[in-house]
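Trainee: Mind docking chain W with the ligands on chain G? Use the hints.
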Amino acid sequence: MSVLDRPIATPGYSEADSYPSHHFLNHSKGFLSWALTLDHKRIGLMYLVGVMASFALGGTFALMIRIHLWNFKDGWLSNQTYNQVFTLHGAIMVFLFIIPSIPAALGNFLLPVMLGTKDVAFPRLNLGSFYLWVTGLILFLTALSVTGLDTGWTFYTPYSIETQQGGAVLAATFGVFVLGFSSIFTGLNFIVTINTMRPPGMSWFRMPLFLWALYATSIIQVLATPVLGITVLLLSAERLLGIGIFDPKLNGDPVTFQHFFWFYSHPAVYIMILPAMGIISELMSVHCHKGIFGYRMIAYSSIAIALFGFLVWGHHMFTSGMADVTTIVFSALTFTVSIPSAIKVFNWLGTMYQGTVSLNTPMLYALAFIFLFTIGGLTGLPLGALSTDMHFHDTYFVVAHFHYVMMGGTLVAFLGGVFHWWPKMTGRMFNDKLGIASAIIVFVGFNLTFLPQFVLGSRGMPRRYATYLPEFQPLHQLSTIGSITLGSGLLLALIVLLMSLVNGKKAPRNPWGGATLEWMCSSPPPHDNFSSAPTVGDPYDFSTIEYDARVGGYVKRT
Amino acid sequence: MTAIQETLAPVAIDHADHHHEHPSWLAHHFDDAEQQYDSGKLGMWLFLVTEVLFFSGMFCAYALYRNRNPEVFEFCSSFLNEKLGAINTGVLLFSSLTMAWAVRAAQLRQHQLLVGMLGATLGCAAIFLGVKAVEYSHKMEIGLLPGKLYVAQLDGVHGPHKGYLEFICTIPAICTALCAAYAIYAFATKSLFHQRVAGPMLVAGLCFFGGVGLGQYLEAQEEASKGHGGHGGHQEHHAMVEGHVEHGSHEHAAASESAHTAENKTASEMAANASIAMGGSPDVYIAPNELRTPNADVNQRSMAGLFFSIYYCMTGVHAIHIIGGMIVITWLIVKAARQEFHEQYFGPVDNVGLYWHLVDFIWIYLFPLLYLIT
Ligand code: HEM
Ligand SMILES: [Cu+2]
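Those sequence lines, one after another, are chains G and W. So the first sequence is residues 1 to 558, counted in the numbering used here. So the second sequence is residues 559 to 932, counted in the numbering used here.
Just chain G, same shape as in the assembly:
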């Protein structure tokens, strides 16, 4: 064994503590000890595997779309199949991957540990959420295999009422309903945990910013998702019984469906991005070894985004038929909601300024996030302006916009977070060089895929079309090449992570030098997280955190 593998005991950190032989992963054994576990860490890991698998499925559909679009006509999919493929891509990515990704997988694992508690407030409900998620997954797979869903992820009426794929619409809407409740219960659990279970010393403003972000996310989950629930329920009733509420033939109103849908789905984009922003706040300060700049502003802006996010849904419907005054109000509100996002970007840059930046894998993903999210957010502004949106609406410009924020933002932050906390979750270090390579390939591939789509969109290429005009071909081909690059980068990231399980070095308690509580317990954490209540300090005070070559990681100077 090398020196690094066998740390010399430092005060307060016995060898057994650093590389524990007994931790939550081997606390109990057997399939049922996982399937019926109430341990938030195991539930988090099960979610992690689940959302990654969903991502792989959704990603396969994405590559199918891009390969189909290589030629301007006669792609390898029929028009009907093309519709099904982009619908399933969108629906799987939104409902099965991106919404649960950070809160349910990383959040579940980290929230109680960062907070210094033994578990979330309602462990059974937590497990229940997971099984609701699994049920939703099964319903989606049914929708996929029985007949293909082809309405787009938005289920707009009257498509969803008139499509031949009635069974698929029913299965998928019911799936969305169930997934919605999974999300609601996770949010509820987090709010209660943060409100009632903070240990002594953990005041609101000593909470890590990731928890603030999760808290804001949870508020949206609890307040917005029920509306989606009733909307898809009414849509199912529409399909089953023909109740007519959204059916123009029965005097119903399809625009009402859009209002209901976006009342949820706009706040839902903040369910996707807020936790990502939380991750970036952690990554920035830890890997710059410098206290976060503007803690309170970041914390408040999370809450501001959560609240303002409820007031702007109409910007998805500027062309659907609304009163002129309404569109103007929605447009103005849309501009206000970008302010808190800009505050955050400013604060992250301020954190880097004069910091000691470690350019490792998580940090590179975090930098990629800032770059991509900024482009995504800024392109939201021309979409929120009435005159330009008339032109951009339903073009590739919108597609590029939301991929920059959802994929360039949330997915990249998720990957950064997974790399950052991987040593904590699994107790293994990954190969940092290969990790960096994956981050660079993802970044290049991503821009190659989606930058051309801004150009395509502004030249008038409509979204969701299986064919296009010949003059768009070069840009489409560039995008397809980019998507394959991007796919290989993601595959590499997965390989790096999996390889670490096989031959990774054992992880120290605190490999990056973080000051939040999760770095105070062993890697992986013990079953109950903390044997005695931890001492809570400033989560961004790095002055006492020092590198100790003997343990191969950071320790707190006492």
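Since the hints were made in silico from the structure, they are not lab data. Hints should not be assumed to be uniformly reliable.
[What the hints assert, rightly or not] Below, in silico cross-link-like pairs of lysine-lysine (BS3-like), each with a Cα-Cα straight-line distance of 27 Å or less: (1) K706(W) <-> K249(G); (2) K697(W) <-> K249(G); (3) K29(G) <-> K505(G); (4) K556(G) <-> K290(G); (5) K641(W) <-> K748(W); (6) K706(W) <-> K720(W).
[What the hints assert, rightly or not] Have a look at the derived ranges for each label pair, beta carbon to beta carbon: (7) T356(G) <-> I885(W): 52 to 60 Å; (8) G882(W) <-> V134(G): 16 to 24 Å; (9) G882(W) <-> V146(G): 26 to 34 Å; (10) V325(G) <-> I885(W): 41 to 49 Å.
Just so it is clear, CB atoms sit at the ideal spot from N, CA and C, and this is done for glycine as well.
Mentor: Using the frame of chain G, we list chain W with the ligands on its own:
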């Protein structure tokens, strides 16, 4: 603390991996009873928020369509039997009282009273559903169905009996039979615990059929009164249906059907005239009809059908919540029969109580919005 543990039957203290004593009713990740209670309470309030938002979608739909077609809502509301609605309102209000009383009983360790109060709440819920079953089946029989299933009220005379009520009642009947079997088992084995659980469950099952009986009696009364110059929305419906003052009888069915197919646009006018003719009190329902004669479109799928879509969705989702409430109340009865509750641990009763009040509260809105439109 020790006093509490002594009085509780199933207290097993989990010493395994805790340094401090953790009574069995305190989940291992909570520090003390207060934290557990606060968490449960906050969790329930948040859940209630989601419930309100869940219903708010339907209230929005209601507001939108009522605003757009007020005459449809007036026309259709007259098909709803306010008497049944009012009775159900009363029943639910009473059940909120018993539920609140149950919380107090749990705090005071009045175990018998607690089981009784929970049982009473369960019984009220069952009566509510029984009455609802009659209302639903009655409407379905005459084609007052949601959306595209709606059958225009041209003749309104009951067609062939379709057996909706029997259909709806099968599951409650099976449940009641099972409860009865359970009760027999409980009394045969002389198990006090099982008796305490089975008793309220059986009573609730019977209450459902009590509710059905009550509902049918009142519906029949309404039916009977309509030919005798009684007033109320239902009579208007009847009058409209018949188009003249004669008693509605099944022999006329075929004739009036053909007679009115072509004339349905004037259905409501006829209703108004008919009721004047038979001396109904005009101010109750005729005046609005004269002011706002429903146009030809009202009595059709895209109009009245939409009202009934909203009616069934709102009351149906509400009924599902009642059923959900019954399931958790039954779970509470089991816990109460085990005498698990005491002044440190009554959170579940308290929280289910909150839920129950919300379900009650939503009905308080549904009743006037759907039944009491003139
Ligand atoms: C930062 C400020 C943002 C602004 C001003 C903004 C603005 C807009 C506007 C106006 C549209 C509608 C375009 C149209 O359909 O014509 C739109 C679409 C969209 N945005 Fe954003 N957005 C912002 C951030 C985000 C974020 C953070 C996400 C997700 C993480 C997101 C996800 C989406 C999605 C998914 C769509 C398209 C949905 C669809 O039609 O399928 N946006 N955005
Ligand atoms: Cu939006």
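Trainee: Verify the CB-CB distance for V325(G) and I885(W) against the hinted window 41 to 49 Å.
Mentor: For V325(G) and I885(W) the Cβ distance comes to about 47 Å; the hint holds.
Trainee: Please verify whether K706(W) and K720(W) have alpha carbons no more than 27 Å apart.
Mentor: Status holds; Cα separation ~19 Å.
Trainee: Is 26 to 34 Å a correct range for the gap between the Cβ atoms of G882(W) and V146(G)?
Mentor: Holds: the Cβ-Cβ distance is about 29 Å, inside 26 to 34 Å.
Trainee: Straight-line Cα separation of K556(G) and K290(G) no greater than 27 Å?
Mentor: Status holds; Cα separation ~15 Å.
Trainee: May I ask you to test the hint 52 to 60 Å on the CB atoms belonging to T356(G) and I885(W)?
Mentor: holds, 58 Å
Trainee: Would the pair K29(G) and K505(G) pass a check requiring their Cα atoms to be no farther apart than 27 Å?
Mentor: Holds, because 23 Å separates the two Cα atoms, which is no more than 27 Å.
Trainee: Compare the distance between the alpha carbons of K641(W) and K748(W) with 27 Å, and conclude whether the hinted pair is satisfied.
Mentor: violated, 42 Å
Trainee: If you check the beta carbons of G882(W) and V134(G), does the distance land in 16 to 24 Å?
Mentor: At 22 Å between Cβs, range holds.
Trainee: Regarding the pair K697(W) and K249(G), is the alpha-carbon distance no greater than 27 Å?
Mentor: holds, 23 Å
Trainee: Given the proposed pairing of K706(W) with K249(G), does the C-alpha separation stay at or below 27 Å?
Mentor: holds, 10 Å
Of the numbered hints stated above, the single one contradicted by the structure is hint 5.
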